[in-house]
Amino acid sequence: MLLFQDLRKSIFDTVNERFKISENDVYLDDTGHSDITVRVFRILKSPDGGENVINDIITSLSGKDYVEKAAAEGGYINVWIKRPYMLHEVIDSIERFGIYPNVFQESDRVSVEHTSANPTGPLHIGRARNSIIGDSVYRILSRYGYRTVRQYFVNDSGKQMISLYTAYIRYGGPLTIDSLLENYQKIYRDLEKDPGIEKEIEKNIERYENADPEVYGTLRKIAGVMLDGIASTLKRIGIEFDEFDWESDLLRDGSVKKVIGMLETKDDDGAKFIEIPGKKIYLTRKDGTTLYFARDIAYHLLKAENSEWMIDVLGEDHKDHARSLDHVLRNMLRIENRLSFLYYSFITLETGKMSTRRGNIVTLQDLVDKTYEEALKIVNEKRPDLSDDDRKRIAEAIATSAVRYSIIRVSAPKPITFRWDEALNFEANSAPFIMYSYARATSILEKASEPVEAYGTEMEPEEADLVKIMYVYPYYLKDAANDLKPDLIAGYLVSLVQKFNDFYGACRVIGTDPSTYARRIRIVKAYREILSDAGNLIGIKMIEQM
RNA sequence: GGGCGCAUGGCCUAGCCUGGAUAGGGCAACAGCCUCCUAAGCUGUAGAUCAGGGGUCCAAAUCCCCUUGCGCCCGCCA
-11 MLLFQDLRKS IFDTVNERFK ISENDVYLDD TGHSDITVRV FRILKSPDGG ENVINDIITS
49 LSGKDYVEKA AAEGGYINVW IKRPYMLHEV IDSIERFGIY PNVFQESDRV SVEHTSANPT
109 GPLHIGRARN SIIGDSVYRI LSRYGYRTVR QYFVNDSGKQ MISLYTAYIR YGGPLTIDSL
169 LENYQKIYRD LEKDPGIEKE IEKNIERYEN ADPEVYGTLR KIAGVMLDGI ASTLKRIGIE
229 FDEFDWESDL LRDGSVKKVI GMLETKDDDG AKFIEIPGKK IYLTRKDGTT LYFARDIAYH
289 LLKAENSEWM IDVLGEDHKD HARSLDHVLR NMLRIENRLS FLYYSFITLE TGKMSTRRGN
349 IVTLQDLVDK TYEEALKIVN EKRPDLSDDD RKRIAEAIAT SAVRYSIIRV SAPKPITFRW
409 DEALNFEANS APFIMYSYAR ATSILEKASE PVEAYGTEME PEEADLVKIM YVYPYYLKDA
469 ANDLKPDLIA GYLVSLVQKF NDFYGACRVI GTDPSTYARR IRIVKAYREI LSDAGNLIGI
529 KMIEQM
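Numbers -11 to 534, taken from our numbering, label the letters of the first sequence in order.
Read the hints as simulated data drawn from the structure, not as lab findings. Hints are supplied without guarantee of correctness; some may be wrong.
Calculated pairs, SDA-like style, for lysine to any residue (alpha carbon to alpha carbon, straight line, at most 25 angstroms) [what the hints assert, rightly or not]:
no., residue 1, residue 2
1, Lys267, Leu279
2, Lys341, Phe406
3, Lys246, Glu190
4, Lys267, Phe281
5, Lys223, Ile531
6, Lys402, His306
7, Lys513, Gly86
8, Lys52, Ile79
9, Lys529, Ile404
Put together the whole structure using the sequences plus the hints.
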């Protein structure tokens, strides 16, 4: 099986034999001039105009069994790949293995750490961007063949968490998310009037780090309640974890102390710090309690034992922290594992930035609920023929997919301003747009019988275009995996669906002559397979009807 | 003040790493398409000094420098 990348390589080799070029000079064309383009401006600059070399190359390329045509045009050699060849590769893979492509294999173990939000409240949509990106990266790398694990670092030891605990002790109330959150917001308000509270928090940090069973037990319970809330909301949109790693465990089993011992620390009035170029980083307070940086190093050392590649999904506010962490791990602790940080910018509301403490947030729960209501309204309108249960099931799939899609489609470094009307747009460039085409393809197959004849290879342009974009799927998957860019998959899906919609409009499937029918049925089957495969990578749930 | 990001039609966005052929989509607007596999679809029209300036190059949205605007960081918080 020759995947698109292999074709590129093969063409590169062929050209390179005659004239040394750069690998970047052979690329997937996206301007409609060809399938694969070879940039030959440099050959044209040769004293003789390079005409002979180019003709040689074209002759040689034309001889390949997968090449339809090769032609020089301006500074390029345009190469067209035979559509029947592409069609065969895709269909063959799907009929034999049930999947296309089926060839990626990576042996490395990869840890994807994402979300890791303080369990001090429900997840708001800004934080959810972390989860949605992280989970998509996890899915892409798993599909690519890596052995992946999803990890959530539960920060149950920091000041925020102790503040939540202190608020619960001070103000009482039931052990529920709402009550805890209310207390949490209240303590930050009261803190401004009553400096005694700060002392109380500090005392509790100390008790906590000295493993005071009362503080420890209650705090773990509080964190558990909050974390359950976060986890169940995430589960609703298809995001789960393999491991929840508790910061307090690292504290209690001595790994944090060990890390501090491994580093050359200096002392400032009892507080321990290390120095890295241009920076002083404190590992402990002067009362001896530990700081996040120390605990995060301990955590990464733990992860490094089980993963060749560690990926952290982080908000842009963590950039400096991560850079320092990388420096310490690499240069001071000699950790050689691959370590990648995937940063994303914040989601803000039209009214400004979100803050859990101040209470001006749109929670992920709110967003999914409201999207569901909106979707249900539309499904009720469009499908009165279905049962209540079916319509609810469809609305739920639309809501969870739409929420994920609206966030993943924008590349991570771009800031997002959240707007309800945009989040609730179910037209083109949305999850429902993608899902709808799956339902249509399914509908064709439901009405169709198994083809009996061999398929013909004379295709309409719309078929040929659809075949090409299906064939090229591995190329996008590879880039998305290597560059950690799930948004590429979102873009691919839209192009794929657009090609299918063109095909759908121009080419009947049912009722055509046997050899055309045999081919188109296979194309539709392959399409459904690839669409759901790619959709799955970013959490779009395909449904049979909508 | 220092550091890191971002800036593309009225709005959202792809392309930038790895410079090349008419800057690709979508929303909103306007004009059309359901006796034919689901119209959450499709076709067409209109809309772009690629923030501004300079530089490198045969060639710049893309690379370099400067400027402007916005976001984030610069805690013995996380």
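A quick look at each hint next to the structure:
Annotation: proposed proximity of Lys267 to Leu279 holds, straight-line Cα distance about 16 angstroms (limit 25 angstroms). Distance check on the hinted pair: Lys341 and Phe406 sit about 10 angstroms apart at the alpha-carbon level, within 25 angstroms; holds. Note on Lys246 and Glu190: the hinted pairing holds, with a Cα-Cα distance of about 23 angstroms set against a maximum of 25 angstroms. Between Lys267 and Phe281 the alpha-carbon distance is near 13 angstroms, which keeps this suggested pair within the 25 angstroms criterion.
The hinted pair formed by Lys223 and Ile531 meets the criterion: a straight-line CA distance of about 18 angstroms does not exceed 25 angstroms. Proposed proximity of Lys402 and His306 is supported: the alpha carbons are some 16 angstroms apart, at most 25 angstroms. Distance check on the hinted pair: Lys513 and Gly86 sit about 10 angstroms apart at the alpha-carbon level, within 25 angstroms; holds. Proximity of Lys52 to Ile79 is assessed by CA-CA distance (about 21 angstroms); at most 25 angstroms being required, the pair is judged to hold.
With a C-alpha separation of about 24 angstroms, the suggested pair Lys529 and Ile404 falls inside the 25 angstroms cut-off, and the hint holds.
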